[in-house]
Amino acid sequence: MILITGATGLVGAHMMLELALTNKKIRALKRSNSSLEEVKSLFEREKQLVLWNQIEWVEGDITDVTTLDVVFKDVTEVYHVAGLVSFDDRKSKELYEVNVKGTANMVNFSISNGVKRFLYMSSIAVMDSVNHEVITEQSEFLDKKPHSKYACSKFEGEMEVWRGSQEGLNVVIVNSGVVLGSGFWNQSSGEIIKKSLKGYYTSGGSAFVAVEDLAKCSVKLMDEKHFNERYIVISENISYEKLVKTICLSKNNKTKLISDIQLKWLSTFSSWGASLGFKNVLNSATCESLISTTHYDNSKIRNTIDYNFKTIDQTLSSIIKEYENV
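If you count the sequence shown from 1, position 133 lands on 137 in the numbering used here, and the numbers rise without skipping.
Calculated directly from the structure, the hints in this document are not laboratory data.
We put the beta carbon where it would ideally sit given N, CA and C, even for glycine.
Check each hint, because a few of them may be wrong.
[To be verified] Ranges of calculated distance between the beta carbons of each label pair, as one might list FRET restraints:
1. 60 x 260: 40 to 50 Å
2. 312 x 264: 28 to 38 Å
3. 256 x 172: 32 to 42 Å
4. 204 x 272: 27 to 37 Å
5. 315 x 90: 41 to 51 Å
6. 312 x 258: 26 to 36 Å
7. 150 x 26: 18 to 28 Å
8. 137 x 325: 31 to 41 Å
9. 54 x 172: 13 to 23 Å
10. 243 x 27: 35 to 45 Å
11. 256 x 28: 19 to 29 Å
12. 172 x 325: 41 to 51 Å
13. 134 x 312: 42 to 52 Å
14. 322 x 74: 16 to 26 Å
[Unchecked claim] Pairs of lysine-lysine, DSBU-like flavour, derived with a Cα cap of 30 Å:
15. 97 x 149
16. 105 x 229
17. 258 x 268
18. 28 x 148
19. 314 x 224
20. 44 x 258
21. 120 x 202
22. 95 x 148
23. 304 x 220
24. 325 x 314
25. 268 x 95
26. 149 x 224
27. 77 x 268
28. 246 x 29
29. 255 x 325
30. 77 x 260
31. 51 x 29
32. 258 x 246
33. 246 x 198
34. 95 x 29
35. 148 x 249
36. 246 x 268
37. 304 x 28
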């Protein structure tokens with residue numbers, strides 16, 4: 005039995021679909037207030053409702069250990085995809101509860117229940133560059149650099165998984181780039197499309213990956229038993245300018261650069277507002293990520309599982325077509 009957390013989100017849903025296509029028995033964890041509408045829509049689009057009906061859904065919460073005993077019954081593999089993504093400093097406690105304590109709970113229950121394989125969905129946000137060097141799996145989290153509360157929580161979550169590895173758990177850590185995918189329009193990937201269509205971009209850039217590629221790579225790493233390693237899973241490093249202009253081209257929307265000076269001014273204003281209790285939408289760490297261009301090397305994952313990624317142009321093209329039908 006395979007257990008998937010975060011199954012109602014974009015990445016978890018695609019992970020579940022990829023596993024279901026191999027006829028594996030799947031148990032998906034959901035909170036009591038989570039909707040299955042988007043996940044079912046994915047299976048409908050892929051004409052896989054027969055597989056959808058074979059999934060066992062259980063209610064529980066990774067932060068509530070009293071709900072996890074039943075969840076782990078007969079589980080041999082875990083795909084821990086659940087996590088909170090937020091760049092609002094006011095949610096630092098929630099980020100810690102979900103991304104650190106929740107992950108620790110999943111590791112502990114996996115060990116005590118004899119789970120054979122454990123995959124953790126981490127992020128490239130936990131890797132820092134020294135002197136603008138290309139980031140690899142050897143790159144570390146540097147305490148002296150500014151980080152979002154989200155990045156800090158994912159790093160601490162990753163440390164919990166490495167602890168599990170030391171205690172005998174076979175682990176795979178996936179450091180995902182920014183995920184792009186269709187559907188789930190009110191979640192992170194969908195928000196990227198909506199905001200990009202407004203036409204504003206900054207001078208920085210990041211690494212992106214199609215959600216389908218992320219799911220396929222993750223499952224392959226587990227199936228081929230590439231344990232106790234971390235893998236950067238990205239397709240390409242691209243600028244925010246290219247991202248926004250590619251998306252806006254479909255609607256003939258105009259684009260405009262927000263200069264570094266303008267962005268830093270907005271960050272200062274946002275921090276001042278946060279001191280008065282307002283949401284800090286642009287803290288210093290987020291500002292730095294928007295104006296910096298960091299490059300990530302995906303050669304390890306490509307060589308390990310012999311995988312060819314879709315280009316970001318291909319990915320965006322298919323997403324935009326889907327979005328136009330919403």
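Cross-check of the supplied hints:
Checked against the hint of 40 to 50 Å, the C-beta distance between residue 60 and residue 260 comes to roughly 49 Å, which is consistent with it. A C-beta distance of roughly 35 Å is found between residue 312 and residue 264, which places it inside the suggested range of 28 to 38 Å. For residue 256 and residue 172, the hinted distance range of 32 to 42 Å is not satisfied, since their beta carbons lie about 57 Å from each other. Between residue 204 and residue 272 the Cβ separation comes to about 18 Å, which falls outside the hinted range of 27 to 37 Å.
Look at residue 315 against residue 90: about 30 Å separates their beta carbons, and that is not inside 41 to 51 Å. Distance hint for residue 312 and residue 258: a CB-CB separation of about 35 Å, consistent with the stated range 26 to 36 Å. Between residue 150 and residue 26 the C-beta distance comes to about 42 Å, which lies outside the given range of 18 to 28 Å. The hinted window of 31 to 41 Å between residue 137 and residue 325 holds, with their beta carbons roughly 37 Å apart.
Distance hint check: the CB atoms of residue 54 and residue 172 are about 37 Å apart, inconsistent with the given range 13 to 23 Å. Between residue 243 and residue 27 the CB atoms are about 41 Å apart, so this pair conforms to the stated range of 35 to 45 Å. The hint said 19 to 29 Å for the Cβ distance between residue 256 and residue 28, and at roughly 45 Å that hint is violated. Checked against the hint of 41 to 51 Å, the C-beta distance between residue 172 and residue 325 comes to roughly 47 Å, which is consistent with it.
Between residue 134 and residue 312 the CB atoms are about 30 Å apart, so this pair departs from the stated range of 42 to 52 Å. Between residue 322 and residue 74 the Cβ separation comes to about 39 Å, which falls outside the hinted range of 16 to 26 Å. Restraint check for residue 97 and residue 149: the C-alpha separation of about 21 Å stays at or below 30 Å, so the hint holds. Among the hinted pairs, residue 105 with residue 229 is consistent with the structure: their alpha-carbon atoms are about 26 Å apart, no more than 30 Å.
For the proposed pair residue 258 and residue 268, the alpha carbon gap of about 23 Å is at most 30 Å, so the pair holds. Pair hint residue 28 plus residue 148 does not hold up; C-alpha atoms about 44 Å apart against a cutoff of 30 Å. Between residue 314 and residue 224 the CA atoms are separated by roughly 16 Å; this keeps the pair inside 30 Å, and the hint holds. With a CA separation close to 35 Å, the supplied pair residue 44 and residue 258 exceeds the 30 Å bound.
Distance restraint check for residue 120 and residue 202: the Cα-Cα separation of roughly 46 Å exceeds the 30 Å cut-off, and the hinted pair is therefore not satisfied. Of the pairs offered as hints, the one joining residue 95 and residue 148 holds, with about 22 Å between alpha carbons and a cut-off of 30 Å not exceeded. With a C-alpha separation of about 15 Å, the suggested pair residue 304 and residue 220 falls inside the 30 Å cut-off, and the hint holds. For the given pair, residue 325 sits about 16 Å from residue 314 by alpha-carbon distance, which is consistent with the 30 Å threshold.
Between residue 268 and residue 95, the direct Cα distance comes to roughly 22 Å. Compliance with the 30 Å bound is thereby established for this hinted pair. Straight-line distance between C-alpha atoms of residue 149 and residue 224 comes to about 33 Å, which puts the hinted pair past the 30 Å bound. At roughly 51 Å between alpha-carbon atoms, residue 77 and residue 268 are farther apart than 30 Å, so this suggested pair is violated. Only pairs whose Cα atoms come within 30 Å are accepted, and residue 246 paired with residue 29 is rejected, the gap being roughly 41 Å.
Of the supplied pair hints, the one linking residue 255 and residue 325 holds, its CA atoms being roughly 11 Å apart against a limit of 30 Å. At most 30 Å may separate the alpha-carbon atoms for a hinted pair to count; residue 77 and residue 260 exceed this at roughly 53 Å. Only pairs whose Cα atoms come within 30 Å are accepted, and residue 51 paired with residue 29 is accepted, the gap being roughly 19 Å. With a C-alpha separation of about 13 Å, the suggested pairing of residue 258 with residue 246 holds against the 30 Å cut-off.
Between residue 246 and residue 198 the CA atoms are separated by roughly 15 Å; this keeps the pair inside 30 Å, and the hint holds. Distance hint between residue 95 and residue 29 is unfulfilled; the C-alpha atoms sit about 35 Å from each other, more than 30 Å. Between residue 148 and residue 249 the alpha-carbon distance is near 34 Å, which puts this suggested pair outside the 30 Å criterion. Taken as a hint, the residue 246 and residue 268 pair is honoured in the structure, with Cα atoms around 21 Å apart against an allowance of 30 Å.
As the CA atoms of residue 304 and residue 28 are separated by approximately 27 Å, the hinted pair is consistent with the 30 Å bound.
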